[in-house]
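Asks: Construct all of the structure, not just a fragment, from the sequences and the given hints.
What follows is the residue order along each chain.
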Amino acid sequence: MPGRGKAIACLMTLLIMNCIPSLLFLTINNAPEQYLPKTQPSVQFSDELRKEFPEDQVLMVLFEGEGLFSNEVLTKLEKATKSIKKHAKIDRVISVSAVDHIAGTADGFEVLPLMNSKRLRQIKESERAAYIRDDRFALGALIGRQDDVLAMVVRPELLDDTMARQEILDFALQELDKAGLTNLITAVAGPVPLETYQLASMLRDTFTFVPITVLLGVVLIALLFRRLLAVVMTLLTIGGVVNVTLLWFIPLGQPYTLISSMIPSLLAALTMAVLIHFFNGLRLASGFKLEGKKRVDWALAEIKKPATYTVATTAAGLLSLAASEIPPIRYFGIISAFGVLLGFAIVILLLPPIFTCWDKASWPSDNPLMKGLTRTVKKLTIIAIRYPVHVLVVFVIGLVIGIPQIFNVKAETNLLAFFADDHPITIATKKVEEKLTGVTPLEIVIDGEKRDAIKQLESLQLIKKIQTHAIEMPEVEKAQSVVDFVEDMHWGFHEEDPSYRVIPDQQNLVNQYLLLYDGNDLYEIVNKEFKRTRILLNLNVHSSRDIRKVVKKLTEYLNVNITHDLKWTISGYGKLFEDQEILLVEGQVNSLVGAVILIFVMMFLLWRKLSTALLTLFLNLAPVVVMFILMGLFSIWLDMATAMIAGVIVGIAVDDTIHLFHGFQDGIKHGAKPLRALLKSYYQSGSAVTVTTIILGFQFSVLCFSLFQPTVHFGFLTAAGLITALIFDLILMPALIVMTFSFNK
Amino acid sequence: MKPTQWLSRLFLFGWFISLPVFAASDAEVLAKRVYERPDGDDRASFGYMVLVEEGHKPRVRGMFSYGKDKSYSDVWSLIRFTSPKDIANTGLLTLDSEAKDSEQWVYLPGLDRVRRISSSRKGGRFVGSDIFYEDLQNRLYTKDNHKVLGKAKVNKLDAIILESIPKKADDSAYSKKVSWIHESSLIALKVEYYQDGATKPMKRLIVNKINKTQGYWTVLESTVTDLDSGHKTIMKVKNVLYDQGLADDMFTVQVLEDPSRETKYRPKQLEQK
Chain A
1 MPGRGKAIAC
11 LMTLLIMNCI
21 PSLLFLTINN
31 APEQYLPKTQ
41 PSVQFSDELR
51 KEFPEDQVLM
61 VLFEGEGLFS
71 NEVLTKLEKA
81 TKSIKKHAKI
91 DRVISVSAVD
101 HIAGTADGFE
111 VLPLMNSKRL
121 RQIKESERAA
131 YIRDDRFALG
141 ALIGRQDDVL
151 AMVVRPELLD
161 DTMARQEILD
171 FALQELDKAG
181 LTNLITAVAG
191 PVPLETYQLA
201 SMLRDTFTFV
211 PITVLLGVVL
221 IALLFRRLLA
231 VVMTLLTIGG
241 VVNVTLLWFI
251 PLGQPYTLIS
261 SMIPSLLAAL
271 TMAVLIHFFN
281 GLRLASGFKL
291 EGKKRVDWAL
301 AEIKKPATYT
311 VATTAAGLLS
321 LAASEIPPIR
331 YFGIISAFGV
341 LLGFAIVILL
351 LPPIFTCWDK
361 ASWPSDNPLM
371 KGLTRTVKKL
381 TIIAIRYPVH
391 VLVVFVIGLV
401 IGIPQIFNVK
411 AETNLLAFFA
421 DDHPITIATK
431 KVEEKLTGVT
441 PLEIVIDGEK
451 RDAIKQLESL
461 QLIKKIQTHA
471 IEMPEVEKAQ
481 SVVDFVEDMH
491 WGFHEEDPSY
501 RVIPDQQNLV
511 NQYLLLYDGN
521 DLYEIVNKEF
531 KRTRILLNLN
541 VHSSRDIRKV
551 VKKLTEYLNV
561 NITHDLKWTI
571 SGYGKLFEDQ
581 EILLVEGQVN
591 SLVGAVILIF
601 VMMFLLWRKL
611 STALLTLFLN
621 LAPVVVMFIL
631 MGLFSIWLDM
641 ATAMIAGVIV
651 GIAVDDTIHL
661 FHGFQDGIKH
671 GAKPLRALLK
681 SYYQSGSAVT
691 VTTIILGFQF
701 SVLCFSLFQP
711 TVHFGFLTAA
721 GLITALIFDL
731 ILMPALIVMT
741 FSFNK
Chain B
1 MKPTQWLSRL
11 FLFGWFISLP
21 VFAASDAEVL
31 AKRVYERPDG
41 DDRASFGYMV
51 LVEEGHKPRV
61 RGMFSYGKDK
71 SYSDVWSLIR
81 FTSPKDIANT
91 GLLTLDSEAK
101 DSEQWVYLPG
111 LDRVRRISSS
121 RKGGRFVGSD
131 IFYEDLQNRL
141 YTKDNHKVLG
151 KAKVNKLDAI
161 ILESIPKKAD
171 DSAYSKKVSW
181 IHESSLIALK
191 VEYYQDGATK
201 PMKRLIVNKI
211 NKTQGYWTVL
221 ESTVTDLDSG
231 HKTIMKVKNV
241 LYDQGLADDM
251 FTVQVLEDPS
261 RETKYRPKQL
271 EQK
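Chains as they are written, first to last, in the UniProt record's numbering: chain A, 1 to 745; chain B, 1 to 273.
Hints may be right or wrong, so weigh each one.
To be verified - Per label pair, the in silico range of CB-to-CB distance:
no.	chain 1	residue 1	chain 2	residue 2	range
1	A	Lys-450	B	Lys-238	24 to 32 Å
2	B	Asp-249	A	Gly-180	37 to 45 Å
3	B	Lys-238	A	Glu-64	52 to 60 Å
What the hints assert, rightly or not - In silico BS3-like cross-links for lysine-lysine, where the CA-CA straight-line distance does not exceed 30 Å:
no.	chain 1	residue 1	chain 2	residue 2
4	B	Lys-168	A	Lys-118
5	B	Lys-85	A	Lys-450
6	A	Lys-553	A	Lys-430
7	B	Lys-238	A	Lys-528
8	B	Lys-143	B	Lys-176
9	A	Lys-82	A	Lys-478
10	B	Lys-232	B	Lys-167
11	A	Lys-51	B	Lys-190
12	A	Lys-528	B	Lys-209
13	B	Lys-190	A	Lys-89
14	A	Lys-82	B	Lys-236
15	B	Lys-236	B	Lys-176
16	B	Lys-200	A	Lys-86
17	A	Lys-38	A	Lys-51
In case anyone wonders, no lab produced these hints; they're calculated from the structure. Note that beta-carbon positions come from the ideal geometry of N, C-alpha and C, so glycine has one too.
Replies: The following block contains the structure:
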């Protein structure tokens, strides 16, 4: 039987699509480097900088407790420092036993580790804390101001892979455990653990919320349609769509990031929306006593055109995100748009033979839930038709009250704010900042024109001036520069006389000090050519907005003060983070404009009438406005996680409008009077779009139970946007139709 | 002489000549031979230290270098920079002895003062080069455990591969050294240096040019490469003189801080050209 063969082939195809465990093949990587394009000037500068200087994204471990400066603890720390350093992906481990200390004695001078086993023998336990604190490089970095904490900084090689950073974190903690220091660790902070926690959160959300949202949708489908085949096909279709879509990350060479982790939930919901329309068509056809192929053909005919347009508009909305310069957002748009089309293709091509072959029984039509929904929709439509002006006035008042909230929306990303206040990384970061120094790195890079430009007295004095200015800023907790080394050498060569902790006034002496400096730390701050140097800043702020303020203040200062042959650039993790924010806002605007244009073109092609196209477009921009109002109201920032929501909402929200308006136009085309056509469309499709939105709304609302703020915001805003779009479609659209169409025809 | 006396003497003689075989392995014998390689009672040279970083013009420093073997394990050396101008007369004096740790002093003309450098700073980079202070010191072969790893050719010359691991981990900047010893000259043609028990070397010395001067094998050019950064230090010897009878008082702090007292010891043949 050819029909049966086709059905089996379709079923097999669906099963195969489900058998691909796509996540196993993906590169899971949420490293910050993923969020900026390689063509970005700051990224290119940063890449160039890293060829000469080490990575600034580190892992900080804080130790507290009894006997911190005892032989036992310090020996264990030295041992752990050495064993952690052995890891191939670790560039350096900085602890009191492995940091250069410049010192002077009665007849000598030395650059030695600050507190290694040899020093332990030389300095009494009671004097060690003060000795370590007196080192200007260690204070605030390796020892707390109250002498109650010690720290270790683990610096990886230049890595752009979260899994590698996770490996480093695990290895460091394991070695510290072997050394017997675990009981003294009170905080693990810095960009490395922050990123690994993000990875853990996004994976946990993927494995928790995707099954929950699918299950929730399936339960609702079971309750609404009470058909086992519908439930099974829903599971197979969603599984196939998600698996095959995620595989696209591989040929596109893109990793699975925080942004892409939202694709499974989104696709599960959107595929379910198409399925509901198909099942609703089957239910209606079954009500007309149609069976087998006729029933499926009727259902397909009913949804094909509107579904094609809804899918196309959703894909267009998502595709508009391709305008973003942030790669994960761009590929989120491209890949999820493909997923939406794939879901539609499965529903249109693979499911019909299966339902033709195996869907024999009639679909229940006495569902009280559906009946209730239909009644509510009817009531709302009648109110809107009877009181269109009132509806419009309420809508306008609502917007007027809400719109000022939009100005409260801040474009701001704070990676720490992604986690709850009681999350270990939040607590650890606060502790490090309270006991030591800020953990956000920023650097001012100074370039001279010629070799040894940085050694010049004039340059050193200018660097000192900038460093002093920076440290006076409340956001800057620590500033280090090449000047510190020169001053310490001068001080060390003068028996540690404090009056010599200054830049010497002879050029030759500076040159000779720098010739003689025999450690490694200096070359982490100035290159061997002495042509480029960095002033390293530790900021106590984390949000892109606050970092931007610091960058702005520094820029103003540097513009005025660096006037001679030196050039300056602000770089580092903080700067990249700030740049990312600018791209995020630009991407949001571009994506929104792109989505609006694309959807307008589609609406115009669909309705062939400018006023209608504008009307439907307006109806679908309104939920985006509401979304921004909600963001302002609930202090949700425009950040990495929320940047793509406008595109998503515009794309999805337009579906209901198309279904309802298409029904209205179809009625008119078939000779019905406008009022009758409007009522018929709302009676027939209203309950379906309401059910779809309720299911999607539930699915996205479930994400609000995540412990990870980006997931919560994505779920809340998408659900709110969809429900708003439904309310506008059910109430505002009929009111506007009544006001703009001639109902006397 | 009684036969028993003969026999016992013969036994003792046999034991004595076989002692090195039983007491030391081939590797230790080789290490000892390398340590004792003839290089004169004293030596003086003029040469250049060239620092090479990819993409940049090399930095060239001129310097005189003097060395004297006071005894089997007591070795003295003095280095005096002559160029570039801003570091001219900067000097380093090193007195190595078996009895105590190396003693090192540095003289900075800008400060006009001599300061002692901590002897434990073995891993410190000498004047920003890839040469560590330990590389400038006389390290007794008995401080390491040695092992012959095999034979290989380096620049077409036959060499024995010798692995040396410090007996006490904290008395060396290196956790291991692997040297390719030229069989006839006993010069290490290539050395790979390991740190912190790593499996990959952190730097490599390659001898580019050797020559026999006054009957002593002399390294005329060598390159030390930092395998991590690619930074190179090339040491070039332009002129060398052995066995001039350098005075003991040349290797003193007084001479170090008074370059004029050292210049009188500079052989005319070595003068910078």
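Asks: Per the hint of 52 to 60 Å, is the separation of the Cβ atoms of B/Lys-238 and A/Glu-64 within bounds?
Replies: 59 Å, holds
Asks: With the threshold set at 30 Å, check whether the alpha-carbon distance from B/Lys-85 to A/Lys-450 stays at or below it.
Replies: 17 Å, holds
Asks: What's the verdict on A/Lys-51 and B/Lys-190, does the C-alpha distance respect the 30 Å limit or exceed it?
Replies: Roughly 28 Å between the alpha carbons, so the hint for A/Lys-51 and B/Lys-190 holds.
Asks: Please verify whether A/Lys-553 and A/Lys-430 have alpha carbons no more than 30 Å apart.
Replies: 25 Å, holds
Asks: Regarding the pair B/Lys-236 and B/Lys-176, is the alpha-carbon distance no greater than 30 Å?
Replies: Holds. B/Lys-236 to B/Lys-176 sits at ~26 Å (cutoff 30 Å).
Asks: If you draw a straight line from the CA of A/Lys-82 to the CA of B/Lys-236, is it 30 Å or shorter?
Replies: 35 Å, violated
Asks: Taken at face value, is the distance from the CA of A/Lys-118 to the CA of B/Lys-168 at most 30 Å?
Replies: 14 Å, holds
Asks: So if I understand the rule, the pair passes when the alpha-carbon distance is 30 Å or less; does B/Lys-238 with A/Lys-528 pass?
Replies: 26 Å, holds
Asks: Are the Cα atoms of A/Lys-528 and B/Lys-209 separated by 30 Å or less?
Replies: Given that 30 Å is the threshold and the Cα spacing comes to 27 Å, the pair holds.
Asks: Below or equal to 30 Å on CA atoms is what counts here, so check B/Lys-200 against A/Lys-86.
Replies: Since the Cα atoms of B/Lys-200 and A/Lys-86 sit roughly 11 Å apart, the hinted pair holds (cutoff 30 Å).
Asks: Within 30 Å, alpha carbon to alpha carbon, are B/Lys-143 and B/Lys-176?
Replies: Holds, because 12 Å separates the two Cα atoms, which is no more than 30 Å.
Asks: Within 24 to 32 Å: is that where the Cβ-Cβ distance between A/Lys-450 and B/Lys-238 falls?
Replies: 28 Å, holds
The earlier numbered hints that this structure contradicts are 2 and 14.
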